[in-house]
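Note that the protein sequences, when read in sequence, are chains A and B. Following the numbering used here, the numbering of the first sequence begins with 1 at its first residue and continues without gaps. Following the numbering used here, the numbering of the second sequence begins with 1 at its first residue and continues without gaps.
What the hints contain is simulated information worked out from the structure, not anything from laboratory work. It cannot be assumed that every hint is accurate.
Chain copies aren't distinguished; within one or between two, either way the pair holds.
Taking lysine-lysine and the BS3-like style, the derived pairs with C-alpha atoms no more than 27 Å apart in a straight line are [as the list claims (entries may be wrong)]:
#	residue 1	residue 2
1	K22	K47
2	K120	K83
3	K120	K47
4	K211	K152
Residues per chain, in single letters:
Protein chains: 2
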Amino acid sequence: MNTQLLEKYARLIVKTGINLEKNQTLVINSPIESAPFSRALAETAYKEGARDVVIVWRDELFTKIRYTHAPEEVFSEYPDWQKELYMTYVRQGAAFVSIAASDPELLKDIEPGRIAKAQKAGSTALREYRERLMSNQNTWCVVSVPTAAWAKKVFPDLSEEAAIARLWELICQVVRVDTPDPVAAWNSHKQNLQQRLDFLNGHNFKTLHYKNSLGTDLTVELPEGHIWLGGSEHTPDGREFIANMPTEEVFTLPQRTGVNGKVVSSKPLNYNGNLIDGFMLTFTDGKIVDFTAKTGYESLKHLLETDEGASYLGEVALVPFDSPISNANILFYNTLFDENASCHLAFGKAYPVCLANSENYTAEELAQKGVNDSLVHEDFMLGTADLEILGTTRQGQQIPVFKNGNFAF
Amino acid sequence: MNTQLLEKYARLIVKTGINLEKNQTLVINSPIESAPFSRALAETAYKEGARDVVIVWRDELFTKIRYTHAPEEVFSEYPDWQKELYMTYVRQGAAFVSIAASDPELLKDIEPGRIAKAQKAGSTALREYRERLMSNQNTWCVVSVPTAAWAKKVFPDLSEEAAIARLWELICQVVRVDTPDPVAAWNSHKQNLQQRLDFLNGHNFKTLHYKNSLGTDLTVELPEGHIWLGGSEHTPDGREFIANMPTEEVFTLPQRTGVNGKVVSSKPLNYNGNLIDGFMLTFTDGKIVDFTAKTGYESLKHLLETDEGASYLGEVALVPFDSPISNANILFYNTLFDENASCHLAFGKAYPVCLANSENYTAEELAQKGVNDSLVHEDFMLGTADLEILGTTRQGQQIPVFKNGNFAF
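Take these sequences, add in the hints, and give me the full structure.
Structure follows, in structure tokens:
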């Protein structure tokens with residue numbers, strides 16, 4: 001990755017991703033391996049007027065050592081100082097950039113119960129922090145840069161160096177950093193997504209019915225007042241930002257108890273360093289009442305057992321089968337990319353911003369209106385080349401939404 | 001560095017350095033560049049029964065970006081979460097390993113006032129933490145591993161790779177990792193240092209008079225009840241540990257107001273990424289009343305102005321000119337090595353453990369007994385090949401302590 005592209009990418013994230021304000025603090029969650037990129041981000045942020053930059057480093061090889069050797073009791077603990085770290089900055093109105101670049105198979109030999117404990121302890125401790133981000137109180141952006149282990153998993157036949165270079169190339173392409181003016185390219189991309197939002201919000205569908213040859217046959221009810229979002233999001237005081245780069249999806253929330261039928265996964269899900277693949281879920285009145293998985297059954301079980309809300313859905317997202325990331329025809333083993341190559345749903349917590357006036361409702365009122373809550377939010381893919389989605393409006397009109405894997409309009 | 005030596009070094013630090021207890025937590029302060037070594041330390045610690053390992057990563061290139069670009073006000077702040085991090089673990093009785101491996105010239109272009117502010121904010125926030133370590137409430141150990149920038153400064157004529165390899169070789173030599181049984185080698189080293197301690201503690205000197213051809217002519221009074229320490233130290237409940245690896249020094253504390261005369265530095269001092277070199281200090285009744293420096297005058301001024309105690313001495317340490325590190329005849333630009341190649345003194349805070357019964361005294365009583373206090377503790381070197389030190393006992397007897405740079409006995 002040459003320095004010029006690195007700086008262009010950093011600038012896109014600071015300007016368009018988190019849309020940094022003067023005197024705002026930026027918190028970067030970074031693998032130690034991505035240090036050159038995080039330094040470029042930090043320098044760009046200071047030059048654009050950041051008050052301060054805090055880098056929270058992590059090292060997944062140390063994480064693996066800890067999961068392998070530490071006594072089990074430590075995984076139920078989450079240190080107060082680490083909670084205070086996030087709470088301090090989220091309360092100050094900081095912007096958050098998170099670099100997602102894990103080795104997809106890092107934790108495959110770790111007993112899933114240890115990971116589930118740590119995941120739950122972290123989600124519980126950071127609940128307020130995560131709720132603030134998921135309701136867009138702060139601007140935030142998830143991005144990726146290649147790391148050696150991840151690149152080698154995506155391109156197993158290339159040398160490490162070549163795999164990293166190829167992954168950089170792909171990332172630059174799908175985040176439009178390879179265009180002359182990435183900020184302008186994103187503005188035009190946002191307008192394209194807006195047309196889809198206008199169609200979906202205009203029809204105000206009551207249900208979507210999914211069907212494909214893998215065996216998916218699922219009806220998802222959408223609550224009164226649901227809003228389709230995509231492209232950019234806004235903080236309550238109107239500051240625009242892009243929560244995921246890349247992003248190709250439009251998404252809303254399901255009615256918590258309104259999901260019925262079967263769904264079959266179309267891509268593996270990388271959950272905390274474990275792959276879950278070839279899974280089928282059966283829903284009755286919103287709840288997953290049965291599931292199977294060819295790979296990672298235990299991990300899926302732990303995920304669904306995190307809490308009551310983990311076995312209900314929290315997101316409905318539409319991505320055409322012919323999307324730039326999908327057409328690259330590469331499995332990234334990284335949700336940030338794979339979710340933007342495929343229609344998907346999410347286990348767990350819903351984004352309250354997808355419900356009109358949600359900022360005026362209490363947690364109880366949100367639950368009554370069908371907004372699912374959970375410590376987890378995990379996307380999984382179901383899009384295929386033959387996916388059909390039929391929408392039914394509140395007036396009973398049936399309108400094709402997807403035909404042959406792509407938007408029908 | 002081959003894996004076997006890395007593991008041997010890690011084991012020496014865990015067993016002999018911090019002398020880890022079962023169920024103790026280990027906190028490692030590590031540059032991100034030293035990740036392979038810190039991972040080896042963590043794995044060794046878990047295998048030796050650590051309850052948990054916490055790695056506090058730092059990246060000095062990011063530190064430099066921050067010093068260069070952040071608004072000045074942020075340097076007066078020290079985040080509460082970071083204070084809580086250290087206080088949590090020090091109160092839990094954790095062991096601390098700190099990896100000292102800075103680029104000696106990292107911050108040479110940074111305005112020293114910015115560094116001084118950050119240094120003071122950090123020292124103030126971490127006062128209790130540092131006091132606990134300096135009074136040996138917790139076991140701790142400072143060690144080094146080569147980093148590219150540091151190795152290139154020590155061996156400017158070698159390639160980066162060769163410089164790192166050469167520095168590893170030297171470190172393994174001076175920390176005795178190249179011996180068949182490093183733990184045994186350290187036991188025998190501790191016994192050698194014990195002979196020097198016996199001589200010095202046996203004579204209970206009232207003053208030491210330093211003289212050499214550089215212009216040093218200094219009298220240092222030692223308080224009633226001072227204790228010479230060296231090699232290993234002990235926690236209040238008797239757990240032995242080695243605070244510095246390598247260590248060749250024996251040391252005690254001066255009577256705060258009993259230092260008079262002139263001292264000329266014999267090696268540069270690397271203070272927060274700035275070199276201070278060729279400096280002369282004039283003392284009257286313990287206080288530095290005048291100073292000059294060929295290099296880094298402003299940095300020295302900021303150091304001495306940190307607080308009242310910074311311009312008094314806190315440590316008197318003796319190292320023969322013919323010591324293993326000194327004989328390598330290499331300037332390491334790293335206090336951990338350079339202080340163990342030369343007699344030295346320290347600006348600022350004294351180690352209370354060098355005074356008998358100090359654990360029973362209040363801070364006020366310690367001050368009355370001549371124990372200096374400060375936010376800083378910075379060693380500087382004065383040893384030369386012609387250094388003479390003459391001791392005077394409390395009975396007025398004059399006994400040579402150093403002749404021609406080495407112990408006289």
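Outcome of the hint check:
| no. | hint | result |
| --- | --- | --- |
| 1 | K22 x K47 | within (10 Å within a copy, 48 Å between copies) |
| 2 | K120 x K83 | both (14 Å within a copy, 25 Å between copies) |
| 3 | K120 x K47 | between (38 Å within a copy, 26 Å between copies) |
| 4 | K211 x K152 | neither (34 Å within a copy, 63 Å between copies) |
Violated hints amount to a single one, hint 4; each of the other numbered hints is respected by the structure.
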